[in-house]
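Line order of the protein sequences matches chains A and B.
Numbering-wise (my numbering), the first sequence opens with residue 1 and increments by one.
Numbering-wise (my numbering), the second sequence opens with residue 1 and increments by one.
What the hints contain is simulated information worked out from the structure, not anything from laboratory work.
Please note: incorrect hints may appear among the correct ones.
Below, in silico cross-link-like pairs of lysine-lysine (DSSO-like), each with a Cα-Cα straight-line distance of 27 angstroms or less [stated by the list, open to error]:
1. A:Lys281 - B:Lys29
2. A:Lys250 - B:Lys8
3. A:Lys181 - B:Lys79
So these bits of chain B aren't anywhere near chain A, every CB distance computed over 10 angstroms [to be verified]:
4. Glu27
5. Glu34
6. Val41
7. Arg55
8. Glu84
9. Gly98
10. Ala121
11. Gly122
12. Asp128
13. Arg131
14. Gly132
15. Tyr173
16. Phe179
17. Asp193
18. His196
Per the computed footprint, the stretches of chain B lying under chain A, defined by three or more beta-carbons under 8 angstroms from a beta-carbon of chain A, are [as the list claims (entries may be wrong)]:
19. 12–26
20. 65–75
21. 107–119
22. 138–151
Keep in mind the model is a prediction, meaning the values are calculated, not measured.
Cβ atoms here follow ideal geometry from the backbone N, Cα and C, with glycine treated the same way.
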Amino acid sequence: MEPLDVELEEGELELPAEPMHLNMGPSHPAMHGTVRTVVELSGETVVKADVQIGYLHRGFEKMCERGTWAQVFPYVDRLNYVSPMLNNVGWALAVEKMCGIAVPERGQWYRMALGELARIADHLTCTGAIAMELGAFTPFLWWVKAREMIWDVLEEETGARLTHAFGRIGGMASPPTPGFKGLCRATLEKVEQILVEGEKLLLRNRIFIDRLENVGPISAADAIALGWTGPCLRACGVAYDVRKSHPYLKYDEVDFEVPVGTNGDTLDRFLVRLGEIRQSKRIIEQTLDRMPDEGPVSCDDPRVMLPAKSDVYSTIEGTIQHFKLVMEGAKVPAGECYSYTEGGNGELGFYMVSDGSGTPYRVRIRPPCFQIVGGLSKLVEGRLLSDIVPTFGSLNMIGGECDH
Amino acid sequence: MATATFPKKPADHINAKPVEYAPHDLEVKSYLPEIFRGVGVSMKHFFENTREIVRGKLPDPVLDRYDDGITTISYPEQKRPYPERFRGVHRLTTRTDGSMRCVACLCCSTACPAQCIYIEAGEYPPGDKRRGYEKYPVKFVVDELRCIFCGYCVEACPCDAIRMDTGMHAVPYDSRDQFIYDRDLLLSFEGRDGSHVTANARHEPGDPTHPGLTREHSH
Chain A
1 MEPLDVELEE GELELPAEPM HLNMGPSHPA MHGTVRTVVE LSGETVVKAD
51 VQIGYLHRGF EKMCERGTWA QVFPYVDRLN YVSPMLNNVG WALAVEKMCG
101 IAVPERGQWY RMALGELARI ADHLTCTGAI AMELGAFTPF LWWVKAREMI
151 WDVLEEETGA RLTHAFGRIG GMASPPTPGF KGLCRATLEK VEQILVEGEK
201 LLLRNRIFID RLENVGPISA ADAIALGWTG PCLRACGVAY DVRKSHPYLK
251 YDEVDFEVPV GTNGDTLDRF LVRLGEIRQS KRIIEQTLDR MPDEGPVSCD
301 DPRVMLPAKS DVYSTIEGTI QHFKLVMEGA KVPAGECYSY TEGGNGELGF
351 YMVSDGSGTP YRVRIRPPCF QIVGGLSKLV EGRLLSDIVP TFGSLNMIGG
401 ECDH
Chain B
1 MATATFPKKP ADHINAKPVE YAPHDLEVKS YLPEIFRGVG VSMKHFFENT
51 REIVRGKLPD PVLDRYDDGI TTISYPEQKR PYPERFRGVH RLTTRTDGSM
101 RCVACLCCST ACPAQCIYIE AGEYPPGDKR RGYEKYPVKF VVDELRCIFC
151 GYCVEACPCD AIRMDTGMHA VPYDSRDQFI YDRDLLLSFE GRDGSHVTAN
201 ARHEPGDPTH PGLTREHSH
């Protein structure tokens with residue numbers, strides 16, 4: 001060791017400048033999911049962040065090749081497990097695109113209403129969790145209370161709070177309950193009221209703003225180059241929304257806005273999500289007004305739809321059709337297609353190949369999170385360790401869909 | 001049959017709306033006014049929540065669901081009723097004479113994505129009027145730990161033999177083998193309307209609706 005009585009220039013007496021390695025995760029209370037980030041720290045500054053995903057890998061794509069096309073619905077429920085209904089709708093649309101089937105009007109409106117409810121739940125969870133990870137527990141609890149109300153509606157409709165398994169190829173498992181519209185309107189009213197109260201605590205609170213503003217910014221060009229979609233891309237000012245750019249269902253017939261940010265920082269991502277909750281509410285309100293009360297929600301194509309139970313019980317044709325569909329699955333014409341919808345975090349795509357049998361030959365998912373998490377190290381390098389928490393929270397990584 | 005037109009034509013005008021930021025004015029910069037306003041909002045909730053405790057009247061989990069104040073319920077004294085479509089623990093239905101409706105066709109175990117149903121089919125004993133006409137499950141086992149409660153078995157059943165309308169959720173036990181529900185246990189559960197009987201009790205040998213065909217006496 002150097003003797004201390006030597007004359008030293010200022011700055012020479014420094015500790016050895018080896019970077020410190022720190023593991024954040026896989027299970028870390030401030031990490032938004034099960035993911036491990038190995039950060040190299042110089043003091044409090046992140047020199048290098050190595051994001052390691054894969055802790056929730058279940059082999060989704062391989063599992064799809066095991067059963068029938070319809071048996072994939074429970075699996076897609078578990079992709080983005082915060083908004084399972086959007087995945088249900090996405091998968092149903094993808095298979096219907098392969099088969100060339102159109103769903104009746106009422107079914108399309110119904111899918112939109114349920115999907116947008118799930119989107120509100122997704123955004124409430126994400127924004128609430130950002131606040132909670134920064135120490136503001138109260139808004140999180142209130143917004144989760146609002147999410148519970150949405151899940152009550154979804155449970156009323158589908159029979160399960162989270163793992164709905166409600167989509168079907170060619171429609172939905174059952175028509176809306178008689179009280180659906182009323183329950184939905186009452187819930188949305190209350191959800192917005194709770195949302196506003198939470199916003200009162202956060203949006204003008206300087207402590208909160210300082211933690212988010214100019215943290216983890218990304219330019220629009222970088223975000224596009226990384227393949228970002230959804231709220232994270234829109235926070236950079238790019239108004240790309242699959243519902244507008246490539247409308248499906250009835251999204252071209254409803255009136256809604258696309259909230260966009262300017263800097264692409266964490267505050268923008270937070271505010272874009274809050275804006276989208278309001279737009280989703282607008283969409284649901286228009287949907288409820290225009291959804292017919294009568295009529296089928298599922299198509300009557302015997303190639304994919306199970307026959308009515310009364311037919312199965314009383315006619316041999318119905319019984320045979322039922323057995324063929326259950327035992328062999330709906331036959332999807334040979335070919336391949338890519339189908340994409342707007343999921344909770346962005347473009348949720350399914351690329352699928354069929355060999356004409358009742359089982360998918362190959363399914364490839366394009367989860368929005370995968371590309372977004374790929375940009376995390378870029379966002380946090382050169383910033384403080386504490387900035388990882390809000391940045392990662394605002395990307396809203398969902399392990400279920402990221403680790404496909 | 002209409003064909004799918006998806007995706008449709010892009011919207012002519014993407015109605016982009018910039019988000020609104022809080023102004024960086026003195027009020028926001030100086031912390032305090034906003035802190036007090038925020039504490040005010042929290043305190044409002046605090047008093048709303050304590051008011052109910054002071055009065056000693058806890059909110060009804062259904063009727064007061066949208067009210068402000070406490071939303072927590074004291075489970076298990078208080079229970080939230082499950083909706084009509086709720087998918088609970090399975091049950092097996094019976095015919096009007098109390099025998100099993102299941103004919104061991106294996107539709108449910110095929111449709112099950114979790115492969116949690118195990119069925120062993122058997123022939124009815126000699127002398128039974130159903131012998132040679134249909135089978136019955138010697139073993140019918142549902143592993144409630146593997147089950148993902150998707151309801152595909154109910155949809156796949158051509159006999160209305162399996163249902164998930166018990167209104168019971170899967171109860172926790174202390175060992176894994178207690179979650180393996182066998183045939184007789186599944187038969188003992190009743191539906192929420194208290195019934196055991198299937199909705200598809202048709203074509204019983206001996207019934208007036210029965211076509212009179214058995215394996216021995218067919219065309």
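Checked hints:
1. A:Lys281 - B:Lys29: Measuring from Cα to Cα gives roughly 32 angstroms; hence the hint is violated.
2. A:Lys250 - B:Lys8: 9 angstroms, holds
3. A:Lys181 - B:Lys79: Given that 27 angstroms is the threshold and the Cα spacing comes to 25 angstroms, the pair holds.
4. Glu27: Violated, since 8 angstroms does not exceed 10 angstroms.
5. Glu34: Its Cβ does come within 10 angstroms of chain A, the nearest being 5 angstroms, so this is violated.
6. Val41: Not fine: 5 angstroms to the nearest Cβ puts Val41 (chain B) too close to chain A.
7. Arg55: 21 angstroms, holds
8. Glu84: 8 angstroms, violated
9. Gly98: 20 angstroms, holds
10. Ala121: 15 angstroms, holds
11. Gly122: 20 angstroms, holds
12. Asp128: Asp128 (chain B) is indeed farther than 10 angstroms from all Cβ atoms of chain A, at 23 angstroms.
13. Arg131: 21 angstroms, holds
14. Gly132: 19 angstroms, holds
15. Tyr173: 21 angstroms, holds
16. Phe179: Its Cβ never comes within 10 angstroms of chain A, the nearest being 18 angstroms, so this holds.
17. Asp193: 17 angstroms, holds
18. His196: 18 angstroms, holds
19. 12–26: holds (count 9)
20. 65–75: holds (count 3)
21. 107–119: Coverage by chain A holds here, the residue count being 5 at a Cβ distance below 8 angstroms.
22. 138–151: Holds, because 4 residues of the stretch 138–151 of chain B bring their Cβ atoms closer than 8 angstroms to Cβ atoms of chain A.
Hints 1, 4, 5, 6, 8, counting from the list given before, are not met by this structure.
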